[in-house]
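Trainee: Below, each chain spelled out in residue letters.
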Amino acid sequence: MNYIVPQSELKIVGTRPVRPDGVDKVTGRATFGADMTLPGMIWGKVKRSPHAHARIVSIDASKALALPGVKAVVTAADFPEIANEEAFVGEGPMNFRDLSRNCMARDKALYEGHAVAAVAATSQAIADEAIELIDVRYEVLPHVIDVEAAMAPGAPVLHEDMFTTGVEPKPAKPSNIAKRVSFTKGDVAAGFAEADVIVEGRYTTQPVHQAYIEPHACVAAVSADGQAQIYSSTQGQFMVRAYSAKVLGWEIANLRSYPMEIGGGFGGKTVVYLEPLALLLAQKSGRPVKMMMTREDVFRASGPTSGAVIEVKIGAKRDGAIVAAREVLKYQAGAFAGSPIGPGCMCGLALYDLPNVEVIGYDVVSNRPKVAAYRAPGAPITSFAIESALDELACKLNIDPLALREMNGARDGTKTHYGVTHKDIGFLSVLEAARSHPHYKAPLQPGQGRGIACGFWFNIGGESSGAVHVNEDGSVSVVSGNPDIGGSRASMAMMAAEVLGVPMDQVRPIVGDTASIGFSFLTGGSRVTFATGMAVTQAAEKVVDQLKTRAAQIWDIPVDAVEWKDGKAWPAGLNAGAFEPLSVAQIALKAGRTGGPIGSEVSLNAQGAGAGFGCHICDVEVDKETGHVKILRYTAIQDVGKAIHPAYVEGQIQGGAAQGIGWALNEEYIYDKNGKLENAGFLDYRVPVASDLPLIEAVMVEVPNPRHPFGVRGVGEVPIVPPMAAVANAVRSATGLRMEHLPISPPKLRAAVDAEAKAG
Amino acid sequence: MQRLNYAAPKTVNEAVSLLAGASGPAKLMSGGTDLLVQLRSGRLKPELIVDLKHVPGLIGIREEAGGFVIGASTPGATLEAHAGLKAAWPGVVEAMDLIGSEQIQGRASLAGNLCNASPAADSVPAMIAAGAVAVVVGAKGRREVPVEAIPTAPGRTSLAKDEFILEIRLPPRPAHSGDAYLRFIPRTEMDIAVVGCGVNVTLDAAGVCTAARVVLGAVAPTAVLVPAAAAALIGHKLDAATLAKLDAAAQAACKPITDKRGTIEYRTKVAGVMARRTAAIAFERAQGRAVKGH
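Chains A and B supply the protein sequences, listed in that same order.
Per the working numbering, the first sequence runs over residues 1 to 760.
Per the working numbering, the second sequence runs over residues 761 to 1054.
If you're looking for bench data, these hints aren't it; they were derived computationally from the structure.
C-beta atoms are modelled at their ideal positions from N, C-alpha and C, and glycine is treated no differently.
A hint or two may mislead.
Claimed, not checked - With the C-beta cut set under 8 Å, the calculated list includes, among others, these residues of chain A facing chain B: (1) Thr122; (2) Ile670; (3) Asn674; (4) Asn679; (5) Leu683; (6) Asp684; (7) Pro688; (8) Val689; (9) Asp692; (10) Arg750.
As the list claims (entries may be wrong) - List time: in silico DSS-like cross-link candidates among lysine-lysine, alpha-carbon distance up to 27 Å: (11) Lys624(A) <-> Lys1015(B); (12) Lys676(A) <-> Lys1015(B); (13) Lys1020(B) <-> Lys758(A); (14) Lys313(A) <-> Lys179(A); (15) Lys1020(B) <-> Lys676(A); (16) Lys748(A) <-> Lys758(A); (17) Lys441(A) <-> Lys624(A); (18) Lys1015(B) <-> Lys673(A); (19) Lys1020(B) <-> Lys748(A); (20) Lys770(B) <-> Lys921(B); (21) Lys1015(B) <-> Lys748(A); (22) Lys1052(B) <-> Lys630(A); (23) Lys624(A) <-> Lys1005(B); (24) Lys1020(B) <-> Lys673(A); (25) Lys624(A) <-> Lys997(B); (26) Lys676(A) <-> Lys770(B); (27) Lys1020(B) <-> Lys630(A); (28) Lys805(B) <-> Lys63(A); (29) Lys1052(B) <-> Lys624(A); (30) Lys805(B) <-> Lys758(A); (31) Lys748(A) <-> Lys1005(B).
This is chain B alone, in the form it adopts within the complex (with noise of 0.2 Å):
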């Protein structure tokens, strides 16, 4: 029979170490969502389970030099029910908004939902479009990295065995900013995203887009920041020409496959829809208005 070990560190050192001495295949754990449900699927088959919710550091929110700082494994409820957090970034917490259930959502965090590293991710292109960074620690100390270079294709990271994310890091906002995700399911809850797209522009007095960032998922084999449609917004008011040139760019950027849940041609197609709606709401916010997203 096979054995399955599970063990909860209560420090950073610990954790590592533990990481680090396994013998075979180890797994970390947040909130467990994916990983519960691939366990019994028998998709994974790790011999120690890491659980990282006792480490000191890694459930909370709190305001830093002027940005945010979550800890790995704060629950999406947790970053639903926080105002300041919500008012400066309503696309990323929106996105982690809709990954499961009421009750996924008390045990779902961001770095879980980065490290299971699916494409189709909803809270990942909201990150990446927010320019935020993942805190990483491991034998050989820490490091910050961009979270898009977290996930390197489906299921895959680049931490190393030894190492896992401590903390997200959203940046400080310029004035006039707005954030925003919207996917595309078919039904209107509990579904994977065929295409998923955050936007986050700054723009000027006059709401010409001055700083843009457009990142599309579930497209390719990982999320992917499109600087060509952030280059149709930069410059511009959100004019139809504005749109349709951010439709063709989002559009070019997509390397999708077919599979259950959409075929190339029509993912290709509604992610420049996407781009265009998502776009228009992350304006909508940066002009001080407040939009609702989903």
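In isolation and in its complexed conformation, chain A is listed as follows (with noise of 0.2 Å):
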């Protein structure tokens, strides 16, 4: 099916309708998470553990259960002893026991914040009475929080069991380093050797938390039968169903789940936290359940990012040929195993086209909540090292940084340090595009700099269903089974419309539940128009052929004498016939008489995402005398293949900016010595707020995916990864201080402006 429409014969594609979704957004009437109501139902509440590590003694919930209006209380004795082992159930693998033990703590409390315990109640503030009267007896243990910190022998180690993956031999003891990964291409001690500047530093990044506004909610019901209905927040229905069925070692046919409109996920709604307890809770109690976390347990207990030491040598002939790179990334896990440290190896020099690569990964774990994933998982914290490390090394060339990425930059053929080769990608195009923007030329004044930072991110395909219905009036749905984040529903229907022929809103999108739609990986990965898409576009180019099938069954013609256009099915030319035209209305009246319903679903995997380049350029005015940053101009230019909908990518791309500003600039985790979170909030945990940014220009180039029927490829999260070293080039720009360290928050600035100006 390799085709591209020629983009001169799109009525659909490529413009910018109103969202399907977005009345009932805009006036308040979309159901998200927490709007969820069962008749009968009760309410759920956590009780966390107040220590960042401990043992967990005893719990006894006698009190509680004894409290008038509490109707179940489940710890981890409730649930099944899973293997501590990789499994599958069709999202790829992941270790269960884990997720179980994150769900609820067993035999440890392994962070601050960590489940212990649940209850269910007639009401909230009964629930929240229960939580206290249940006695837990801990004893503490010594925590550790810092990755480098967690590393070093003699560090508090959280699992027993943990020896580090991918060293040879296997190690005697256990630690907190969960594996070692490592990527080689060439010889990097050669590739030094011949180097005639080298630029070394090292970097670090803090935890950063997605910040989706609206926190994990869920409602649970569970049939005498055992057959139960989860109803939840999540990007991916079929997610919640195979893993709360793991978690609790239910048949996944006896759960269905529904997902709920959804206030935001950028990977933090890729796991489970509160459906497993939930459906545990509504088991024992026999009652609908509903659970929500508060902003406090979504900060304490759900996954932020991780934070990362990076060390990064990069070696360049003086023309600025670049002849080695050496980058060695430590990432935390959190609690358990499994932050993004593979994409970290593989994304922050994957842009550039170097003979001779070493890429060593750590995947370290401490008591901390477990990372989730977050928008582009894992590159945005090696680019920051990667692009300024790239800016020093332009600096000290005394080179155009956009030059320097000019000459260095991927193209079709380049073969990348993990083995993979690239091929119809678009960096070089979004190089020129940035060079030829205004932006890059603007003067600037006195105290203000300029900053340019790459991002590349893979974009991902994956089993993917989308279904197309004919109503009996000629109307269409379309049924895809992933929640709908960045606007899906409309690239969706804009996408059957456009093979279908028909106005947009002919077609009415909807996201089905686990039993309405076929097995769909959830949304991630930028990968729901691409893949989703596909198979939308496929039922739709099906339902065609049935609509001309029809047509000639009307007519008494060969199908072959038929032909689909604007809509309607027409007769192929004069030997056909003369027939007026049918329109999709027309042919769905009769369905009944050629045939029945007429419809398609389609189910694949999608193979051949295209990967995603940008370029962002960041100018900066910085008050030295408080370290107050200010961001004054912002372009953000990406290769988006064909953009479906305009206004939602450049919307991807203003919001992917957007984040990575905040991660820049304020937003980090402060710990006490306790290892207990101080600012569980939005007051001082610091998103950006819309006066703290300019308007941010997104830039589309298109260099089309020539393996997608539309030319589509991922938008959502590459403008997350070149941010934070735009910004930190920009701050050198107009300081000459290098910020290795994140966030560039203002006292950190104003003491290294204090700490220059005493050296000198």
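Using the hints, build the complex out of the two chains.
Mentor: What follows is the structure in structure tokens.
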């Protein structure tokens, strides 16, 4: 099916219609996770560990159970024990022992906020009181927060059975290093030997939260026969079904999972926290149970992305040609193994054509919440280090930073250090667009600076289902299995309408529950418009075939004498006969007499996702007395393949840049000496507010992905990759100070200013 | 289950007797913008909430003997909309206006900000700099107190159990006077001051400072009136030497803590910066030039 509709013939794809889910969202009618209510429903709450690391000696829930209105209490003892192994349930590898123990602590609490028990009661107030009545005895253990402290010999060990994988011989003692990974290309020592200039740096980033506006929430109901329903705010209803079933030891067929409207996820809703607890409480109590996290719970107990320490060494010839790069990355995983160290090792250097590369990565546990996916997981962290180091290199070589990237940038045929050869990529087109953008040449005032940085993300495909049904009146339903996070209902409807040749408002897209549509991997990896879009496009093409067949029947001519154009069946030529064209509605009217309902569902495993590249230009003004950084102007350029709905693509680019600027300037977790989080709220966990940011200009470069019918590449993750280095490089340009540690918060920048003044 | 009673008295006496008669912890409420957050977080567990907004005189602004009388529960938005007050005391009004969002401005009040007794309260340094007086009522009658005497420590005030603030009084303005308030926050809004600074000055016709009050917020357990900083200004124009002395005096007055919002070292340095910048605005205003604060 490898075709691309010629741009000139597109009628709907590439336009900007109002989103189908828009009216309900702006009028407050949309039903999010916490909006669901069922008859007889009661309230579930979680008791959380006040300690960063503690053995659970005993849990006595008798007083809570005696409180009138309390219907059930669950602890780890109510969950099946799961073996420590990587298992598969259609969503890729997952350690379900760790998932189970993250949902409910068993034996040990591994971070402050770790769930140790849950109650269900007839009111929220009673549930709150019951939580206080559960008596948990702890033996407090030494804890460790920082990644390098967790790696040091003698650090408190979180898991006695964690022996670093990827090292030979297997370590004799357990440690907090879950694994070591490495990638090598060429001969890095020989490469550095021929370098004229070498830059080296040690960069650190802090864990940052996805900061979705909607906290996790769900409602669970379990019938006496074991049939269960779960309604939740999630990026994947099939993920919720599979993960909950696995953690509970239930059969998948007994669980029906409904995705509610989602108030942001950014990767953070690709796992379960509350759902298995709510299901178990519902089963035990015999009543539907609603659970909601507070914002504090979200910060204390749900996944941020990793903080990291990254050492970089890059060598180049005097003309700027890079001859060698070495990178060592230490990523925090939180309390259980599984930081995005793999993508971290791959993404930072994937943008460049490098002869000699060595990358070593470590996945490290410590007493913090388990990390979860966050927009291009792992990539922004490594790119902060690499793109900062390249800026240093450009300074040292006295080369324009864009020219350095143009000279070394990956192109079709470039083989990455992790073995993949780039194909049909648009990095050089992105750099060209950056160079010709007026922003790059705009004058700066004293005290201002400009930085650029680039970013890469693989984008993925994967398993998706899409169904297109022609209704009795000729209107069209499009069903997909992916929660709509980035405007996917609009893009699904647009692609279906384009293929069918009907107006967008004739197509109604919905997101189906797990019993209403075939399996679909979750919304993540920038895959939905690509993979689910491919399924919907194919289903729509099958519907066109059916419509042509039905028209042929109505006209009593061979089907190959019918052609489909402008949403109608037409006789293919004079020989086919003289018939008035038939619309979808006219064919639908006669569906019963021509073979029954018209519709098609396609399930596929989409291959050939197109990698994405971006280049951001950032201007800042630095107040050297307070250390405050003002973002003056920001331009984000990205190869988007083909923008189905350009406004939503621009929105993705702007949103990613905004989150990255927050990561660069202020966002961090602040722990006290006992390992307790001190800033579990939006007042002191500072995401940018609207007035902190200028209008972020999104520039779309369209280098189509030939493996998608409309040329789509994923767009949602690339834009969060460049901002941290773009901001840091701009600060360097404004002040001469290289800020190697995020966030570049006012106290840190003022201290750097003072240190430089002292050094003279 | 814990009980929570709510009362909305219609007179001062009724309010005072409710407070005096409370058997457990009682809290006063004006806009509730701090109180409700503290209730929700579980930090406060009062048994009685006394809503003062229905007591006559608690909401509204009037001019009296050349000064202004501001009802204790008057929301920030009302201050911001009062042209006369804004012209006379732009620093006080903009300090109040910095608190929270548009929605919060519809509820939050000067007296509430004062009695919440946060060291970082934005309106408090501006009120102290202005020489504002709180009119306090209680079972023993009425007393007038300089606003700086109300907060005694974070979350604590000098008010007796049966007392509350009826109104805030701002004095008349001599000619060539100006005030200003600046705070430093890492973002541009919706944040808590890392350092706040209120400055109120009167100049002579030649632009030489004849009276000054300089107050710092968020650098000590309560807002600090810094006489040494005022002394650095009095008798001088705002030249480089004066600014340097002001900066040093402000830094010397800081007794901050290191917490999640800033370190001792950083807060101290920025206090000097804020003092200089705030004084510059106050001097401009005293010389009749309209200057934007934030």
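Trainee: When the structure is checked against the list of hints, which entries are broken? Sort them ascending.
Mentor: 1, 3, 26, 30
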